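With these hints in hand, go ahead and build the complete structure from the sequences.
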Amino acid sequence: MSDHQHTTQGTTHGAAHGAAVDSYQLELSRWNAGRNALALAALIGIIGCLVGYASNPEHFFLSYTVAFAYTTFIGLGAFFFVMVQYLTGSAWSVTMRRIMENLMMTLPIGLLLFVPIIIGMKYIYPWMNPQVVAASEALRAKSGFLSQNFFILRGVVYFALWSLWVGSIYRQSTKQDAERSIRQMHIASKWSAPGLFLAVVVGSLAAFDWLMSLEPTWYSTIFGLVTLAGGSLSFFSVLTLVCLGFRKVGVLKNTITQEHYHDLGKWMFTLTAFYTYVAFSQYMLIWYANLPEETIWYRHRMMGDWLPVSLAMPFLRFLIPFFVLLCRGAKRSLGVITFIAIWSLVVEYIDLYWVVMPVRYKAGPEFHLFWLDLSALLTTVSICGLMFWSRFRAHKMIPVGDLRLEQSLHFENA
Amino acid sequence: MTPEHFSEQLPEQLREQLGLGPDKVYAVIGEFSEPEDLVAAGRRIRQMGYTKLDAMSPFPVHGIDDAIGVPSSRLGWIVIFFSVLGALTALGLIYWVGVVSYPLVIGGKPLFDFSYSIPVTFELTILFTAFATFLGMWGINGLPRLYHPSFNYSQFHRASDDRFLLVIEAADPKFDPKASAEHLRGVGASSVEVVEG
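These protein sequence lines map, in sequence, to chains F and G.
The first sequence: position 109 = 109 (this note's numbering), numbered continuously.
Converting from the second sequence to this note's numbering requires adding 1000 to each position, the first position being numbered 1.
To be clear, the hints were calculated from the coordinates, so they are not data collected in a lab.
Being a predicted model, the structure only gives us computed values, none of them experimental.
There are no misleading hints in this set.
Here's a subset of chain F near chain G, in silico, CB distances under 10 Å, partners left out: (1) Ser281; (2) Tyr288; (3) Gly329.
For glycine and all other residues, C-beta sits at the position ideal for the given N, C-alpha and C.
Structural data, given as structure tokens:
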């Protein structure tokens, strides 16, 4: 029952209950294969982006805004939920926490991914156009906040703060691999409490800056939460798919068990409901108040071919994933949660596309430019993917020094 | 010495009053001192072909449901029925009030619309669900109940302290007081008793 001292010695574990042994270090050949695939994807994406930039910069920068928001808010979701694990002292998540942390470590590269946004600001944001600002009293009043320099400064500050926090938490986590002390857990918790503020409040500001200011006269206080909820759902979807991908090639197969996948299913279910709750709150209050400066945002999304997309949203975002995941058996089925994880990631992209694109295209989605949207997405996803993957080279795949590891390995849902 | 038929030592009249006797056997019950032993024993007893088993423990024991073959609860079906009923009740109420009973245009809004009906629908769904879950659980468990035959097991109080009880109910088609008690001893149970009541 208790040979904890032995089981935390090397890179292997499993003697305690006769469980099979997993290696906690990714093999170099696998690591190289993953890096090469991601580097190739990044190369293809960047070439696509360059061609897009040269041929159609107006569309390219909007595509890029969608792709940039997609990966950044996944990183923020990871940031938030890693801190939640530390603050709640969760045992169930310990075997997956390093993978969560590696996803969180994609945030710092966001500063580099922010550069094209800076370059393309005048294509992306209407408030960059002096004529548009001069014509609107509201925009003249907002010009102190929505100005080029302040926008860039804010973006840099957001990434600087996030990078400081994720770096500090990650350092404690990896330090614990060797030191196996409770001290690192305490320090990480101390960073985590104020870090929640950085993830949610500063994350909201980031959503206001990068996405809401696309329609600069429109405002919704809950918009940041809607975006963060979508990012968090995507984060759990990515986490599920990464773990299942490892499982498929036999990595961490006995470490991340069906019980852990069951909990990931619960989180995807919960966040599906939470996203719906906040997104519907935004819609209903605007619908009910019926004020022109607020309803215009939904009005734009009811014009032309955007209407079917808007009408599909309740089904894509809520009805289908909610009822698919409702039963306990569904959350425990690896097939079902794979389907829901892929579904949620696709729908998150459609959602962000639906947030960004109607600003420029009033009549509906521009499907013939979809190659450009995909190139931008491929670029940000593969660059963040490389950052994520690079962490597996130097560090263990699970926090081997965590004091709750043994508990997590044998965790079962009641 | 623990008597297998505790009631045999009692006068006939008292037995009748207490509802005891060899003809009113509820189950055989045995105890274990470790939760792992309970799970292992439960699994072996079930493999012998018993279907009506129960376990009592001071805290939830992982894996016991699977080991003694507890069927999945009917509660989920009761709950989903009342959830849907709650949603339909709310929508029906809002529709009936707004369109049929007292049509009144407020703030230029339609007489009925899903947009403003959702909050009430959501709340009423939650309310119905909560009541259905709570009362359904009580109903399925036969609560409130002040008496249960397993109280007659002499070590029963220890099931809320430091012992893990395995129960083979008399309702089991394979049940036989002597043989089942032997089976329980065979898988390592101590203080095996035939419990009446």
